[in-house]
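Participant: Spelled out from the first residue to the last, the chains are:
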Amino acid sequence: MGSPSSQTGLLRTSLTGVHQRLNARMVDFAGWDMPVQYPTGILAEHQAVRTDCGLFDLSHMGRVSLRGPDALALAQECCTRDLSRIGQGEAAYSVLCQPDGGILDDVIGYVLGDREILFVFNASNRDNDVAFFAEQRDRLQLDVELDDRTLQTALIGIQGPRAQEVLQPICSADLEPLAGYAFLNADVAGAAALVSRTGYTGEDGFEVMLDDDAAAHVWTTLMDSACPCGLGARDTLRTEAGFALYGHDIDRATKPYEARLGWVVNLAKPSFVGREALARLKSEGPSRRLVGLHVAPGGVPRQGFAIVRHGEPIGVVTSGTFSPTLKRNIAMGYVPVALSQPGQDVQVETRGKAVDAEVVPLPFVPHRSRPRAKM
Amino acid sequence: MPAGGSNPADRRYTTEHEWIKPEGEHYVVGITAFAQDQLGDIVYVELPKVGDQVEAGRAFGVIESVKTASDLYAPVSGEVVAVNSELVDQPQSVNEDPYDAGWMIKIRPADSTELEKLLTSEQYSEQTGE
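If you read the sequences in order, they're chains A and B. Residue 11 is where the first sequence starts when you use this note's numbering, and the numbers rise one by one after that. Residue 119 is where the second sequence starts when you use this note's numbering, and the numbers rise one by one after that.
None of these hints come from the bench; they were simulated from the model. All of these numbers come straight from a predicted model, not from anything done at the bench. Using N, Cα and C, we set each Cβ at its ideal position, and we do this for glycine too. Check each hint, because a few of them may be wrong.
Derived, one-sided and incomplete: chain A residues facing chain B with beta-carbon distance under 7 Å [unchecked claim]:
id, residue
1, Gly51
2, Ile52
3, Leu185
4, Ala306
5, Val310
Isolated chain B (complex conformation) (with noise of 0.2 Å):
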């Protein structure tokens, strides 16, 4: 799998190596080039329930690689309004394509002020060393 690269511009990221991009008045969240190169090969994908309510830094759900297991933290708090149900049959999704087809869940914002205080592609990237 190539590493990171370029991160998007078009979306904030957390130190846990989330992204979450502003679609419409919702938030996509999935995780960064870097976090499923650091991972590898993916096989499972845990996600929460349209409807449940996530919680800025607490873990929404589990990603699993070969060789070990990690928690998804979600970058703001909100409303779960959509779930991405390919992964379960196609986790690989996330390492094949992890900024757009390995797209984890849709949030609606409790308070659309929170992404502001995430870090931006240039930030993030420096903090990955790429």
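Excised from the complex, chain A in its bound form (with noise of 0.2 Å):
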């Protein structure tokens, strides 16, 4: 699969038959034929996934593999964060940086060894992300090979409380002592995968790399005992956990610290594309920052209202949705350091009308993803 429809030119992933015929709707998202919801609908979805479990098509989603003697050289080059501190077995949230430190595209990183690692991305940026891995290797004289392997695999979310109990059964490896962001390969229904624990949604939960020709048996019989769910509520999902979104509060205009995923920047490491760009902007500081806004009854809040105080714009929503599990609308979106602390009292132009709001403290929902090991 992986193959372009006749009818709408989308891409189309090994499971989107089988969104069809859940009735499910679908949209073009960077350029595939995804499912937004279900029959069931975004806050079912979203509400199976915090008190049960979810299951989500991210076969969408980037997956380059760097392969040869100098894959972590490659890797180390291209993103912020150390993957030499973490072991074989072991993933990592990162960015990948332009040289003045604006951010290309967040991913995870996979060590499967000496001389692979795996970047899992998003769909949008993929030829992107390609091009600039291909483009240091080049730089640098590096023996990598690049291997996309996106339109070959298939990659499914198992997200909830309940996640674990519902892979255990069809997965030949213990999943209990598995911590967060570490993996293994196991047979799941019988296909060989790559099984990490980790996801987009603040809840426990797993995500299964496989081959896509075992994509919808796989798939089929998780629902048994998961809620199929779509981007609508990856999207009101990954709001409550205060995560980035690419293309939305995260993009090549803004940097790691004012996004605050200062974090992932490991600037000990001696060489990383913006790394200099980047020590320059952490000793002077954000002019601004990501906040997490509660903002009172009124319309949604959405990407692109301005944020205001005392009538002055001060900032704009980068993510904005009513929050299923608080019952409230919720906002991201960017404001000057000084009016980032909690508590401050700011206002959201919703339509021609000034919706009262606070800064609040992210993640909106708290996480209860299991913790990664020490690195």
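Using the hints, build the complex out of the two chains.
Facilitator: The structure is reproduced here in structure tokens:
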């Protein structure tokens, strides 16, 4: 699969047919024909992940292996985090930066071995990221093969407090000892898979990467005990968890320090793209910062709405939603650092009306994901 | 949420997916089953105040689902004589019961002949391909 549909020109995952049979509402997401919701609806899907277990098709996400003697060296040059500090079988969240420190993408790097690193990243950035990896490899003349596995594999998310209970019966490996951000190789419903304890919902859960011809069987098996969830619920869940979404809360014009992602920048690492700019930005300190907002009842705050104070625009909403868990409007956006402390009163311009809002700590809903083993 | 199915024949419809139903000398206005299904889970409804004037084809309010915001259009011109304040706390009524509990406003029409220009249930069903 991963082939363009003749009807829509959109890429299809190996599960697109399954989604259609489930009467999902399909949308064009970064050139992929993806489910935004199933007939159950976004609120029910969201609730399933918070209280039970949800199932996500994440096969649109980019998956590229760096393979060869210099795989780690290339990964180290491309991402801001020090992957030499994590062992085989562990993964780490990181960002890729431009020379000026602007964020090219956010990624998860999986250390598969001495000679192989797998990056999983946003579908919308696949071409850019692959070009970036190739550019750095060629510039440094590193011996690395880039293997874009996106179209040959599927990625299925199993998320929620019951995720382990749902996955364990069809997984050959014991999942209980698996720490957050750790992964292992196992058979899942008879198919060879890479199973990681990762996710984008704030709940415990797993992401399972496997060959695409095995995906439909695994999905239908898991569906017996988990609720299929579309991109709509994925967005409300990650917003409640305070996770940035590329193209919304972070982009090439945002720097890790203002996006609260300074913790993934290891300036002690001798060389990586953007290091000099990031060292300078860190010493200067950011002028604006991504914050959480509780927004008073009224229209739902959405990306692009102005954040104002005393009638003056001070920032912009980058993500906003009605929080199904908190039953209130929440938003993330950038405000000047001086106004970024919890408790600050601001307003959000909601279709001509200034609605009261308060800066609150992130995440909006506490994470319940497993902690990672000590780095 | 089940899709539209049959639209009640006791009322008229607009191409913008509102319904309007005579009730004594007033008209009750809401949105159709098709519209609520397209919107998805509704989380907010903004309605005018009693006494406000609405104008046929112009926005009188806003409805928001998790994913999107959409204007509500007045099927006819007139004065708002009642609003469904239950929708403030129970916006999901529009999903659950769009043709009854999910009503939005009642209008005293300026011109009672305007109603006949709107779509019948058959014409509306044809438009939405049901």
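Participant: Compare the structure with each hint and give your call.
Facilitator: Now for the hints, and whether the structure bears them out:
no., hint, verdict
1, Gly51, "holds (5 Å)"
2, Ile52, "holds (5 Å)"
3, Leu185, "violated (31 Å)"
4, Ala306, "violated (12 Å)"
5, Val310, "holds (5 Å)"
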